[in-house]
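Student: Listed here are the chains, written in short residue letters.
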Amino acid sequence: MNTSDANEIIIKIVNLKKTFGSLEVLKGISTEIKKGEVVVIIGPSGSGKSTLLRCLNYLEAPSSGEIHFQNQLMGQGKSEKELDLQRSKMGMVFQNFNLFPHLTVLENLILAPINVSNVSHHDALALARSFLQKVGLSEKEHSYPRELSGGQQQRVAIARALCMKPDVMLFDEATSALDPELVNEVLRVMKSLAHSGLTLIVVTHEMGFAKEVADRVVFMDGGLIIEEGNPADIFESPKEKRTIEFLGKL
Amino acid sequence: MEDNLSFWVFSKSIVIPRLLEGMAITLKLTIISGCIGFILGMLIALFRISRSPVLRSLAAFYITLFRGTPLLLQILFIYFAVPTLINVTFDSFPAGILALSLNCAAYLAEIFRAGILSIAKGQTEAARALGLSHYQTMFKIIIPQTYRRIIPPVVNEFSALTKDTSLVSVISLGELLYVTQRIGAKYLRPWEVYVWAGLGYLIIVICLSTLASRLEKSLLAKGGV
Ligand SMILES: Nc1ncnc2c1ncn2[C@@H]1O[C@H](COP(=O)(O)OP(=O)(O)OP(=O)(O)O)[C@@H](O)[C@H]1O
Ligand SMILES: [Mg+2]
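If you're matching them up, the sequences are chains A and B in order. Take 261 as the starting number for the first sequence in my numbering and just add one per residue. Take 16 as the starting number for the second sequence in my numbering and just add one per residue.
The following block holds chain B by itself, in its conformation from the complex:
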């Protein structure tokens, strides 16, 4: 019987292979939602500081909505409630991606906005005085100067996202936590299973941070701004 297996044998033959599958899905969720959230977040940040009051309020509303309600509720809403409103049903994977991207975009938008506002006004003035348009100024002068200073909060947000992907286990998406719970329950050996799951998340987050500090250093070596 499997109960009699030693910790190492049980881990190696049963837990780790399945957790690796779950971890792959967790990684996919993190990377895809992170990328979509990044682009969407940048767009929302630009709306948030645009000159149009309509765009500004829209962005503010979006950010308040997604930061003001629990992510768990957003996941359940997209998976269970949205299909009853409009005639689409989501598989759990796209539903998870959608919820995580929309949520992460709201947090990233605030990070980007703060980064943009932290660049001295003189930079905008110098660029505009040279004849650059509002958008050229934004994309060629202001945003590139925010890269290094937004890396720490963005990595922070991506770490949070990595951990938040565990919430989509509620819609039976076989990511790391979901797989963990299933094996833990099946073999009635929870602590070994949960320890490995915890290590799985740790590894992803540590890799992220390492990557980030490398990036930060290489940016520092270039412009140093």
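Bound-form chain A, shown alone:
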């Protein structure tokens, strides 16, 4: 990566707000994310972390504010189809994996490349197999999701997202639903993605992961970014009272 690349902004969030009925969940989020950056979002339950991720790829339409993704405004003024394409370039990994249970692992992986990116069946298979190998599950390609452990399912879910060749990956507590002994196999995959230069936005309670791989840690509370900075600053010398309280409880 050269220096101009390193400073290229891939996502710019401007005064993003989201209300559900009368509940204001995001109260004006603004930040920029650089290409290749690994941003870890932490914060108490209900602070709006998931909502922020879901607004980023427009699974939820924001109530106001703007999201610029690769210098393009997300959503607004776009046709459904254009929005689907923008969305497909932001891979998302969920707490509950959300693999498609009626499809085999391989079918889970090739579905979107074929139907969204119009990749040929042959190329999609090659792509899928290469990513399965990357997450260490080549031998499971014909299994159904229910035949896999949680950790394996989550690695398949990551591979499925990667098959769309995303420019950003969003992780929403990807390891929270896993038995403790399965957390590491998923974190290992996430770390290798971080080192590969892919832009990652990760909501997690795994502070070890944040300390080790984050370029920036964002602390959210009550629908606002309270404090952000490099992991050493946030974890060792937080400035805001609420950050100190939150980290103190861990």
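Keep in mind that the hints were calculated from the coordinates and are not lab data. Quick reminder that beta carbons are idealized off the backbone N, C-alpha and C, glycines included. Where hints are given, some of them may not hold.
Only some residues are given here: those of chain A computed to face chain B with a beta carbon under 7 Å [stated by the list, open to error]:
1) Arg347
2) Asn375
3) Val376
We have chain A already, so just place chain B with the ligands on it with the hints.
Tutor: Only chain B with the ligands this time, still in chain A's reference frame:
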């Protein structure tokens, strides 16, 4: 005289051959109305959960109308009243098919809608996050997952449909019940005739259920969802 024939001879020579003809029409009514109702019902279910308020209310109106009035009335209305409104006359067979399909579609639509709503929201989210469109998500992800869970209520509905076809006897369509009534009246030996007719319906319904449990098992063997 035929009155003197024994039960078996009377059944074999007179009742069963004619009832089989009636049963063939009952089967045709069931299969054709079932297929049309299935497709129409799926369409109405999709309208019922679509994002357009107009489509949603249209579908809700349709379902209320056809589930809220007696099927017998719908049959009579289509056969006797519709021709006076618009300039078409129906034969009793197409009129019967039309009434049964429209009615069965309303019930199936509710079954499909419930099936679709029973699939976890995370499935839609995962599909949309991958860039699949609303319709791709529906047809490739959500609906295939409903198959196994809607088989029991759909078979239930088809059994009801099989039995409901008897109502089109009121427009002189020669299905099983109509034929039964005619022979029963003609030979004045009702109980033998009605017993055979009852068996006729039972056979169709039992075949349906057997087919359904086979299907369910084979789906279970595949994805198991
Ligand atoms: N679809 C929705 N409708 C109504 N309220 C919602 C909806 N989604 C989220 N909320 C509310 O928004 C608030 C923030 O939720 P969100 O899931 O973003 O929090 P979070 O930071 O991810 O919490 P957690 O750590 O528990 O996952 C919560 O109070 C939640 O109840
Ligand atoms: Mg959350």
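Student: Need the list of violated hint numbers for this structure, in ascending order.
Tutor: none
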